[in-house]
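Peer 1: The residues making up each chain are set out below.
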Amino acid sequence: MKWYIGLGLGTLILATAVAAVLAVQEPARMERFDAAFHARQIENGASLFENNCRTCHGPQGRGIPGVAPALNAADLFDGSRLQAVGYAGTVEDYVRGTIAAGRPVPSEGASYPQRMPTWSQQFGGPLRQDQIESLVQFVINWEQTALAEAGATPSISEEEAVGTDITVSLPEGDAENGQLLAEGSLGCTACHVLSTVGPAWAGEGETAGIGARAASRIEQPDYIGNGTTAHEYLFESVVLSNVFVVEGFDPNVMPADYGRRLTPQDLADVLAYMETFR
Amino acid sequence: MDFIRGIFEPHIPILDDIKEKGVRQTIEDTANDSVRRVTAGLDIPALRGMLRGDEPGRPNPRLTPHADGFWLHMRPGFYNNLVTGLYPSFRLGWLSTFFLTFEIITGVYLMFWYTPSPLVAYQNMVDILSTVPFGRLMRDMHRLGAEVMVAVVALHMLRTLVTGSYKKPRQFTWATGALLLWVTLVLSFSGYLLPWDQLSLWAVTIGASMAEAFPPEVVGQTLNLLVRGGPDIGANGLLRFYLLHVIGLPLAALVLFGVHYYKVVIHGHSLAPEDENIGEDTAKKVPLDKREYFLPTIATRELFYVAGLTLLLIVTSAWFYHAPLEPHADPQVTPLHTTAPWYFLWLQGMLKLGDKVIWGVIVPGAITTISVVFPYFELGPNRRYAARRIGLSGAAVSVFVLAVLSFMGTPWYAVQSSADQEVLAELLPQTHPGPLLNSDWDEFETGTYEAANWQAAPTPALRNILHEFNESLQRHGDTLPNAEGIMVVENWQSGLRKVTLRVLWDSIETGEQTESSQSTYFHQDSAHEVTTRFGG
Chain C
5 MKWYIGLGLG
15 TLILATAVAA
25 VLAVQEPARM
35 ERFDAAFHAR
45 QIENGASLFE
55 NNCRTCHGPQ
65 GRGIPGVAPA
75 LNAADLFDGS
85 RLQAVGYAGT
95 VEDYVRGTIA
105 AGRPVPSEGA
115 SYPQRMPTWS
125 QQFGGPLRQD
135 QIESLVQFVI
145 NWEQTALAEA
155 GATPSISEEE
165 AVGTDITVSL
175 PEGDAENGQL
185 LAEGSLGCTA
195 CHVLSTVGPA
205 WAGEGETAGI
215 GARAASRIEQ
225 PDYIGNGTTA
235 HEYLFESVVL
245 SNVFVVEGFD
255 PNVMPADYGR
265 RLTPQDLADV
275 LAYMETFR
Chain Z
13 MDFIRGIFEP
23 HIPILDDIKE
33 KGVRQTIEDT
43 ANDSVRRVTA
53 GLDIPALRGM
63 LRGDEPGRPN
73 PRLTPHADGF
83 WLHMRPGFYN
93 NLVTGLYPSF
103 RLGWLSTFFL
113 TFEIITGVYL
123 MFWYTPSPLV
133 AYQNMVDILS
143 TVPFGRLMRD
153 MHRLGAEVMV
163 AVVALHMLRT
173 LVTGSYKKPR
183 QFTWATGALL
193 LWVTLVLSFS
203 GYLLPWDQLS
213 LWAVTIGASM
223 AEAFPPEVVG
233 QTLNLLVRGG
243 PDIGANGLLR
253 FYLLHVIGLP
263 LAALVLFGVH
273 YYKVVIHGHS
283 LAPEDENIGE
293 DTAKKVPLDK
303 REYFLPTIAT
313 RELFYVAGLT
323 LLLIVTSAWF
333 YHAPLEPHAD
343 PQVTPLHTTA
353 PWYFLWLQGM
363 LKLGDKVIWG
373 VIVPGAITTI
383 SVVFPYFELG
393 PNRRYAARRI
403 GLSGAAVSVF
413 VLAVLSFMGT
423 PWYAVQSSAD
433 QEVLAELLPQ
443 THPGPLLNSD
453 WDEFETGTYE
463 AANWQAAPTP
473 ALRNILHEFN
483 ESLQRHGDTL
493 PNAEGIMVVE
503 NWQSGLRKVT
513 LRVLWDSIET
523 GEQTESSQST
533 YFHQDSAHEV
543 TTRFGG
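Residue numbers (this note's numbering), protein chains in the order written: chain C, 5 to 282; chain Z, 13 to 548.
Hints in this document: simulated from the structure, not taken from any laboratory. One or more hints might be untrue.
Under 10 angstroms between C-beta atoms, here's a sample of chain C residues computed to sit facing chain Z [unchecked claim]: (1) Ile9; (2) Leu16; (3) Phe37; (4) Ala39; (5) Ala40; (6) Leu86; (7) Gln87; (8) Gly129.
In silico DSBU-like pairs for lysine-lysine, Cα to Cα no more than 30 angstroms straight-line [said to hold, decoys possible]: (9) Z:Lys31 / Z:Lys180; (10) Z:Lys275 / Z:Lys297; (11) Z:Lys302 / C:Lys6; (12) Z:Lys180 / Z:Lys297; (13) Z:Lys33 / Z:Lys180; (14) C:Lys6 / Z:Lys297.
This one's a predicted model, so the numbers in the text were calculated from it and none came from an experiment. Built from N, CA and C at the ideal position, the CB exists for glycine as well.
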């Protein structure tokens, strides 16, 4: 019986010692867990972004002009966007609040026809709180690269821009590159292909595609624009979209700065792509 | 005047004692008295004598705590030394009690950080793992203890069956024990829902859907509503399972355990079959020369077991076993294969045999009823193994059938799903990290790789995953003809990569090339292999 007592006491001391070792290691373990959990949130956030946010905020969060602003952008992280809207909290809180509750009113000067919807279930949206948090961590994880790229954003000078004279002759367009531009940085497809915010490019039923429509449109009696050819009609629609607004759509929805943002080659490519929709 | 003198000259009894016996003797007596009160009858010399191994003397003073104290009155004063060895009990009943206590202690610790609401339950789990001191250890121990307890209780039942200890006069002890097994199973199962992860939601959804099969329809629907607290498991269902888990079932377990153990003590611990004459039950009367007194032999031994087991459970949970935590519960996302906990796999296996009412309600109901009452009908008095060939064969067959049914409950048996999904799920399962996310992140160099060309991949981790991908495609070659596997690794964000697995094959029906793909995101620090070892 004595060895029972000795062994039992020994075991008890050993158990206490193990507990003590664990207690010493607890803070480090918790830190490791936090780091790993944060990483998982970013992983989850990435897939939530692809499924819910990408259609408006663009691939890699680069934004789609006229649809939704860039999130992978320096101005979000350097504080200038917060200053513009007069938000006093941190970037993280701003992102969290905007994702959860949406934006009832767009920022002043922004031309986004669609409002940021509410995403949190708390405000009638589809996502749970933990999903909102994962999205926030994913968006915040762009900070490093977004700030590093600041200033490196390609911008074009006034001389290079195509301008708003629709009679200018454009170089030969490449429809394939036009598609890349329309789906990518220009964001045309968000309104004209993926949603019905703007007139659909693709034909449907009796309605022809935009490439064929352009020719018939200039013949219509209600056409008040300056285009004399199908090509000029499309040119005008892109750079001066308010001159003639198709019936059933509102003016000022389409961004008005494409004349300043596009080089003649870019515009020619986009027009060539538009013309493939017959 | 005496009254006023009493105020200024208070009567302190200890001073009288000191005057009478001296300081030393008074302190000794007071200490002895205190110890005697705590132990309900044993003073310091008696305790020391006990630990030294002295003979107890007559009448045995070490029986007083059993007569006067609350805790020891529940334990017998002495055991028959024929039952204190490993055989015939294997300590399984004692172990069941140990784990019940262990689960209550670790469970109460976890209760401090848990709120039964779908809004916060999962976050509570994360907090327990990230900010609560010993939080992960307690959760791991609670989960490990629960799984081991189910096994221990089941083995206890099997042992009782094999040694014939359920026979007259112990039928009622057996009946309460059989009910205790069910309480243990449901207790363990009801804890599944509380973390509110995918495992919770889907395991419990399967379980609750069995209640729905109860005939007639109106009863099934009502039962289903009662269990789930609504058409689907939500806030009400979680609260119900929580209350069942922390109050209802523990209370039932304690009451049943009280009755069960009372009967054990009243009838005496059943002796091994060969230690008794056929048809006799001599466990109740323990001859003087066979008595092993609880104090001190059994008590110290049990304390030793407690210390040893606790050490074992701490060490196992700290370094070898971690309770899984799957992604947050999501009714929109059904994992490819949802299985019941291992101790209910036999039930899931039976459900695959056919009708839900017959195999989900009637047969399990009959098994339960028979397992509770059969000792009242099985009246053969002989407990010797040689004389119970039919009974023991029946027991062996039952164990075998349960094992086969359990196998049938796993996804390996009669589960239809498309082969391309199976291939993708082998590398990227929805419920746990799986081999891909357990790989070394640094070795996941960006690029496009072909499974068939796995040897050409630049790093061991990539080769390993692509090889597994390729093997899996070849295994499913008959349903995925001309299959091609492609893996694309892209840089996605700082520290984050996107991995896409694509399977291309010629459809058997149309002959056209068909594609199926799945993507995952993989972060540098996610440490899946560390934080959810054994996960899933």
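Peer 1: Are Z:Lys31 and Z:Lys180 close enough, with their CA atoms no more than 30 angstroms apart?
Peer 2: violated (63 angstroms)
Peer 1: Between Z:Lys302 and C:Lys6, does the CA-CA distance stay at or below 30 angstroms?
Peer 2: Distance ~21 angstroms between Z:Lys302 and C:Lys6 Cα, so the pair holds.
Peer 1: Can you confirm whether the C-alpha distance between Z:Lys180 and Z:Lys297 stays at or below 30 angstroms?
Peer 2: At roughly 16 angstroms apart (the allowed maximum being 30 angstroms), Z:Lys297 and Z:Lys180 satisfy the hint.
Peer 1: Can the hint on C:Leu86 be confirmed by a CB-to-CB distance to chain Z that is less than 10 angstroms?
Peer 2: Violated. Min distance 22 angstroms.
Peer 1: Going by Cβ atoms only, is C:Leu16 closer than 10 angstroms to chain Z?
Peer 2: holds (5 angstroms)
Peer 1: Given the hint that C:Lys6 pairs with Z:Lys297, does the C-alpha gap stay at or below 30 angstroms?
Peer 2: holds (29 angstroms)
Peer 1: Hey, does the C:Phe37 contact hint survive, CB to chain Z under 10 angstroms?
Peer 2: At 5 angstroms from the nearest chain Z Cβ, C:Phe37 passes the 10 angstroms test, so the hint holds.
Peer 1: Does C:Ala40 meet its interface restraint, that is, does its C-beta lie within less than 10 angstroms of any C-beta in chain Z?
Peer 2: Nearest chain Z Cβ about 4 angstroms off; hint holds.
Peer 1: Hint validation: C:Ile9 versus chain Z, beta carbon distance must be below 10 angstroms. Holds or violated?
Peer 2: This hint holds: C:Ile9 lies near chain Z, its Cβ roughly 6 angstroms from the closest one there, short of 10 angstroms.
Peer 1: Does the alpha-carbon distance linking Z:Lys275 and Z:Lys297 stay inside the 30 angstroms limit?
Peer 2: holds (15 angstroms)
Peer 1: Grab the minimum C-beta distance from C:Ala39 to chain Z and call the hint holds if it beats 10 angstroms, violated otherwise.
Peer 2: This interface hint holds because 5 angstroms falls under the 10 angstroms limit.
Peer 1: So, as I understand it, the hint says C:Gly129 touches chain Z; can you test that by seeing if any CB pair is closer than 10 angstroms?
Peer 2: At 14 angstroms from the nearest chain Z Cβ, C:Gly129 fails the 10 angstroms test, so the hint is violated.
Consistency note: the structure conflicts with the earlier hints numbered 6, 7, 8, 9, 13.
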